[in-house]
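Enquirer: So the chains spell out like this:
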Amino acid sequence: METLQQMGAGFGVAFTPENLLFVFIGVLAGTVIGILPGLGPMSAIALMIPIAFGMDPTTAIIMLAGVYYGAIFGGSTSSILLNAPGVAGTVATSFDGYPMARKGAAGKALAIAAIASFTGGTVGVVLLMLIAPVLSSFAVSFGPADYFALMVLGLTAVVTLGGRNITKGLIAAVVGVMVSLVGIDSQTATLRFTFGMPELYEGVKFLIVALGLFALAEVFSMLARRGAGGADGSMSSLRLNRRELGRIAGPTGRGSILGFFTGVLPGAGATVASFLSYSMEKRIAKDGDTFGSGNPKGVAAPEAGNNAAAVGSFVPMLTLGVPGSGTTAILLGALLVLGVTPGPMMLSERPEMFWGLVASMYVGNIVLLVLNLPLIPLFAKVLKTPRAVLIPLVVVFCVVGVYGLSFSVFDLWLLLGFGVVGYLMRQNGFPAAPMILGLILGSMMERSMRQALQISYGDWTTFVTSPYSAALLGLTVVVLVWPLVKRLRTGAKGPAADGGSSPDGAEKAEEDTATRP
Amino acid sequence: MKPFTFSNRVLGAAVGVLAVVYLYLAFTLEEFTAVSVPVQPATLPKWLGAVLLVLAAVLFLQKPDEDTGEQAGSDSGEDAGGTAGTAGTAGAAPAQATETGGGAPARPAAARPALGRLADPRKELALFAASIGFYIALLEPLGFLISTTAYIASATWYLGYRRHWANALVAVGVSAVLYFAMSDFLRVALPTGPLPF
Chain A
1 METLQQMGAG FGVAFTPENL LFVFIGVLAG TVIGILPGLG PMSAIALMIP IAFGMDPTTA
61 IIMLAGVYYG AIFGGSTSSI LLNAPGVAGT VATSFDGYPM ARKGAAGKAL AIAAIASFTG
121 GTVGVVLLML IAPVLSSFAV SFGPADYFAL MVLGLTAVVT LGGRNITKGL IAAVVGVMVS
181 LVGIDSQTAT LRFTFGMPEL YEGVKFLIVA LGLFALAEVF SMLARRGAGG ADGSMSSLRL
241 NRRELGRIAG PTGRGSILGF FTGVLPGAGA TVASFLSYSM EKRIAKDGDT FGSGNPKGVA
301 APEAGNNAAA VGSFVPMLTL GVPGSGTTAI LLGALLVLGV TPGPMMLSER PEMFWGLVAS
361 MYVGNIVLLV LNLPLIPLFA KVLKTPRAVL IPLVVVFCVV GVYGLSFSVF DLWLLLGFGV
421 VGYLMRQNGF PAAPMILGLI LGSMMERSMR QALQISYGDW TTFVTSPYSA ALLGLTVVVL
481 VWPLVKRLRT GAKGPAADGG SSPDGAEKAE EDTATRP
Chain B
1 MKPFTFSNRV LGAAVGVLAV VYLYLAFTLE EFTAVSVPVQ PATLPKWLGA VLLVLAAVLF
61 LQKPDEDTGE QAGSDSGEDA GGTAGTAGTA GAAPAQATET GGGAPARPAA ARPALGRLAD
121 PRKELALFAA SIGFYIALLE PLGFLISTTA YIASATWYLG YRRHWANALV AVGVSAVLYF
181 AMSDFLRVAL PTGPLPF
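Those sequence lines, one after another, are chains A and B.
For the first sequence, position 421 (counting from the first letter as 1) is numbered 421 according to the numbering used here, and the numbering increases by one without interruption.
For the second sequence, position 104 (counting from the first letter as 1) is numbered 104 according to the numbering used here, and the numbering increases by one without interruption.
There could be a bad hint or two in this list.
Simulated pairs of lysine to aspartate or glutamate, EDC-like, Cα-Cα distance not exceeding 20 Å [said to hold, decoys possible]:
no.: 1; chain 1: B; residue 1: K46; chain 2: A; residue 2: E2
no.: 2; chain 1: A; residue 1: K103; chain 2: A; residue 2: D287
no.: 3; chain 1: A; residue 1: K205; chain 2: A; residue 2: D411
no.: 4; chain 1: B; residue 1: K46; chain 2: B; residue 2: E30
no.: 5; chain 1: A; residue 1: K286; chain 2: A; residue 2: E349
no.: 6; chain 1: B; residue 1: K46; chain 2: A; residue 2: D185
Just so you know, these hints were derived from the structure itself, not from any lab.
With the sequences and hints as input, model every part of the structure.
Expert: Take a look at the structure:
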């Protein structure tokens with residue numbers, strides 16, 4: 001009952017004209033950026049953060065969340081029309097969406113994607129509303145040692161689920177933590193790794209790294225592949241009949257629930273969720289053998305899954321203050337800059353923000369459906385933006401974003417540096433998401449570690465004597481060792497050729513989008 | 001066609017050097033002695049450096065993974081880049097025809113790639129990075145409006161966009177809208193340069 005009451009208050013926040021306007025802007029901008037090939041939710045949010053800075057924090061996060069699911073939806077549009085997923089999370093959508101488009105049913109595929117996304121998002125929000133308060137009250141009893149263990153688990157889970165080569169993923173994560181330690185140490189005021197440069201005293205701002213590693217690096221690889229992948233963007237009718245709706249109802253429902261819980265897990269975001277629900281539907285559907293040749297169920301399941309997961313991934317970020325994915329890590333970074341610290345106390349201290357966000361997710365979903373469905377033909381035109389125009393514009397947006405934040409040319413050089421590093425990383429199979437997560441979590445990890453050891457008078461066993469912490473660290477070891485065991489068992493047979501029935505498929509796909517030739 | 005892709009040995013060695021330098025710096029950090037603290041400023045960095053060193057060693061000894069394996073050798077040798085460039089030209093020509101818009105008749109196989117002008121993608125990338133560097137360097141002396149307009153126009157032109165009027169319009173329009181939106185609405189003062197506003 002209390003939840004409903006607070007939800008009502010949340011709608012009060014979401015329905016202020018200003019917030020409505022920014023949900024609208026966020027969803028719209030997210031969709032447009034998400035449609036652009038190569039630019040996913042992370043780039044979209046990073047590009048929109050500078051706009052959010054002057055705003056009230058509640059409005060800002062409402063807008064950025066809108067950008068997030070708008071970008072996921074936009075990604076599915078380019079998956080279906082071009083077979084060029086802008087986002088790893090919508091790779092699974094292209095398996096059946098693109099064949100549908102080739103058969104002349106592009107409009108239907110997009111409509112199914114929109115409806116499934118809407119359902120996934122809505123189911124996700126309802127579950128978020130039910131679960132977040134419970135988890136939040138539970139998280140209040142978390143001590144620093146437990147937080148430290150949770151963050152270690154989050155980092156390793158992102159690595160093992162998000163990239164094919166675990167060693168490279170771990171290297172990226174460690175380097176991310178290293179970057180986060182640059183600057184004045186908050187506890188002892190020691191200068192660390194600043195090389196005597198005053199510009200580095202306050203550390204490396206995460207926006208610079210985010211824009212460099214994602215947006216700018218993407219621009220470099222766009223240039224390197226010479227803008228291959230021309231756009232067609234032809235459209236057909238969007239209408240669905242009742243029978244078609246009936247067919248996709250089951251996959252959509254199951255995908256939504258599976259997707260949400262996958263999203264809640266640290267490390268497993270929209271990408272894993274979409275592959276899981278795709279392969280589950282493929283297995284249980286009677287016409288499973290037609291998956292891959294334009295089965296509408298194969299569009300509905302991953303779309304419901306990835307949108308529900310996008311909402312689900314807000315749960316650990318909002319209740320524990322620990323982001324479970326690269327995208328929520330960027331969102332968390334934005335919140336910290338805005339002066340908001342998410343965590344178990346947020347629900348009691350800033351209820352208007354928490355419930356306003358939840359309510360605006362409902363609103364955002366409706367906006368997504370109402371606005372995007374009629375505008376799809378228009379969005380398809382965005383795909384025709386010549387790359388020669390697009391590339392310099394993305395560069396300018398990155399530069400404005402960084403300069404507007406710090407007014408420092410030094411930071412622009414850092415941006416360029418991280419852009420080059422990000423490009424080299426994706427050329428060589430190093431995932432960028434663990435690095436961003438490491439950067440966000442690094443200083444939090446050190447703080448928890450210090451608090452834990454302060455409480456235990458320097459006794460390192462505190463990390464294994466606290467039950468939560470021990471369990472979480474145990475899980476970390478399992479997460480790390482499990483792929484190794486799996487590889488040893490299947491080692492002789494070589495990598496599974498099955499098109500995405502396991503997290504392996506997701507990894508492959510992620511790799512593919514990152515280095516698509 | 002994968003410029004700047006290196007073998008695991010090269011990558012492992014590079015990460016290893018990074019780890020060693022980082023460890024050296026970590027060990028030169030001063031101990032904090034004013035109050036007794038269980039975690040010194042150098043504690044976590046030392047751990048991180050050690051972990052990174054181990055990971056670098058693992059990567060160095062790792063067999064090439066399936067997708068980068070074939071290209072592992074191609075990072076040395078100009079001709080690899082050259083062939084990649086020509087392949088890009090052939091493949092990109094139809095893409096360019098569709099990109100230049102519906103009305104324009106398809107040009108006979110264009111002599112240059114759809115994006116950029118150099119055959120070697122590595123040189124192209126280096127040039128592109130340098131152009132961003134140039135833009136950054138000129139941002140404060142010339143001011144946001146002039147440098148951004150010049151950057152957008154020249155980069156778009158260089159990358160092969162042929163509708164020069166549209167290009168000029170986009171360059172001027174985007175810089176002006178960004179500038180005035182930032183300075184008037186968000187009150188973010190971008191560098192003005194020699195212009196009076």
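Enquirer: It remains to establish, for every hint, whether it holds in the given structure.
Expert: Cross-check of the supplied hints:
no.	hint	verdict
1	B:K46 <-> A:E2	violated, 49 Å
2	A:K103 <-> A:D287	holds, 18 Å
3	A:K205 <-> A:D411	holds, 8 Å
4	B:K46 <-> B:E30	holds, 13 Å
5	A:K286 <-> A:E349	violated, 50 Å
6	B:K46 <-> A:D185	holds, 15 Å
Violated hints, listed in ascending order, are 1, 5; each of the other numbered hints is respected by the structure.
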